[in-house]
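*Asks:* Residue numbers (the working numbering), protein chains in the order written: chain R, 1 to 186; chain H, 187 to 451.
Please keep in mind that the hints were generated in silico from the structure rather than gathered at the bench.
Hints may contain errors.
What the hints assert, rightly or not - Facing chain H, from chain R, some residues (calculated, C-beta under 10 angstroms):
{"no.": "1", "residue": "58"}
{"no.": "2", "residue": "105"}
{"no.": "3", "residue": "125"}
As the list claims (entries may be wrong) - Sample of chain R residues lacking proximity to chain H, with all beta carbon distances greater than 10 angstroms (derived):
{"no.": "4", "residue": "54"}
{"no.": "5", "residue": "141"}
{"no.": "6", "residue": "146"}
{"no.": "7", "residue": "160"}
All values derive from a computational prediction rather than experimental measurement.
No residue lacks a Cβ here, since even glycine has one placed at the ideal position from N, Cα and C.
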Amino acid sequence: MTQIRLTTPLTDADVEKLRIGQQVLISGVIYTGRDAAHKRMVDLIQAGKENELPFNPKGQIIYYVGPSPTKPGKVVGSCGPTTSYRMDPYAPELHRLGLKASIGKGKRSPEVIDAMKKYKAVYFAAIGGAAALIAKSIKSAKVIAYPDLGAEAVHEFAVEDFPMVVVNDTLGGDLYQEGMKIYAVK
Amino acid sequence: MCMESNYYLGEDVIRAIKKGLETEVSNTGKEILQIILKNAEIAREEQVPMCQDTGFTVIFLELGQDVHIEGGDLYEAIKAGVAKGYIDGYLRKSIVSHPLDRKNTGDNAPPVIYTTIVPGENLKIVVCPKGGGAENMSAIKMLKPADGVEGVKNFVLDVARNAGPNPCPPVILGVGIGGTMEKAALIAKEALLREVGEKSKDPSMAALEEELLEKINNMGMGPQGLGGRTYALAVHINTYPAHIASLPVAVNINCHAARHKEVVL
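Build the full structure now, drawing on both the sequences and the hints.
*Replies:* Below, the structure is given as structure tokens:
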């Protein structure tokens, strides 16, 4: 299968051409966040303190991950995706501010899929459990906010050819639904 | 034990994934299974966790009734061992001290410990780190006896369908049928301790395991839920006598990082 290479930050045009099932290799800077960090970020947005966010979401990608601790001599610990639905209550607000993509694993809510259509964003799945392998695509890592959250702190990763698959595109397509239809035994 | 269980994927799981590779019809599905094998290789070689979620440490103890333990509290010793393993092994600390105020304990303790007393003079310890993603997709239901085997089948299939891509398929399903509510859940978890694909000793349950496995894989969800025929590597069923009024069914899902490490002292 042909792979599409993209470099962050992403534009509307970058994500609008993506379709479900396509394999994408991402390079550039991405940010991490899980439940606890999302709650803090969305609380800030709702309090009108967008300028205090750990990063400006416009054009950026957020990766749902809580890495394992970094072993001496390594860039980062194992870091595969966590299940995305836990971030569903927060994702639409970040897409409203221009977040172009999220990376995780598992189904998204209809509200998030609608928000991605409305604000031109996509959802990528990385391979859940392939955490030691994924760590190889990460070239540098640092905590930029909420260090008190430990593994759940917001990290900035510089990535090179981080592999993922488009699950939801800007047209509202859903690979989890479509992939299952193709292979179901009637 | 905590470190080894997180670095080394069991041979039984590797065999089951390789078998899945032979039968998987989706190219993406095949690629994913290959990536999972490659990931296990990297984890083994570099001594890093195969998955960043190094789990809630679930421990099964089989304590021989002739064993006398000296020098302190066995559970405290296990708790200290878990903390040491997770700190020294660069494993993620994923436990919060209270489910509502959610402050991390910082050392992955406490573990969840189940003890059974057995004849003999040995102490068997089985360490099974259990990831949150697959645990969250597990479910239990108190069926009516009239629901029978069809009710059981429908519930197990519903749980798998509802879980979809979330628990990191290919998965293993542990099914507990019978007992009280918590007993059904416990025997479902114990079913995950079996070697992947080892059939139930009860021929009717072995047949049910096979039927459910086929039906789940035929839904087409496939590896990572992206389409294919290898959603589950195995279904393991355990049963226990039930009350005349009850038919509890529990489904405990395990991800492909099905980790367990056993020692006998």
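*Asks:* Decide, hint by hint, whether the structure agrees.
*Replies:* Hint check:
1. 58: At 28 angstroms from the nearest chain H Cβ, residue 58(R) fails the 10 angstroms test, so the hint is violated.
2. 105: Check passed: Cβ of residue 105(R) comes within 6 angstroms of chain H, closer than 10 angstroms.
3. 125: holds (6 angstroms)
4. 54: At about 19 angstroms from chain H, residue 54(R) clears the 10 angstroms cut-off, so the statement holds.
5. 141: Given that every Cβ of chain H is farther than 10 angstroms from that of residue 141(R), nearest at about 13 angstroms, it holds.
6. 146: holds (12 angstroms)
7. 160: holds (17 angstroms)
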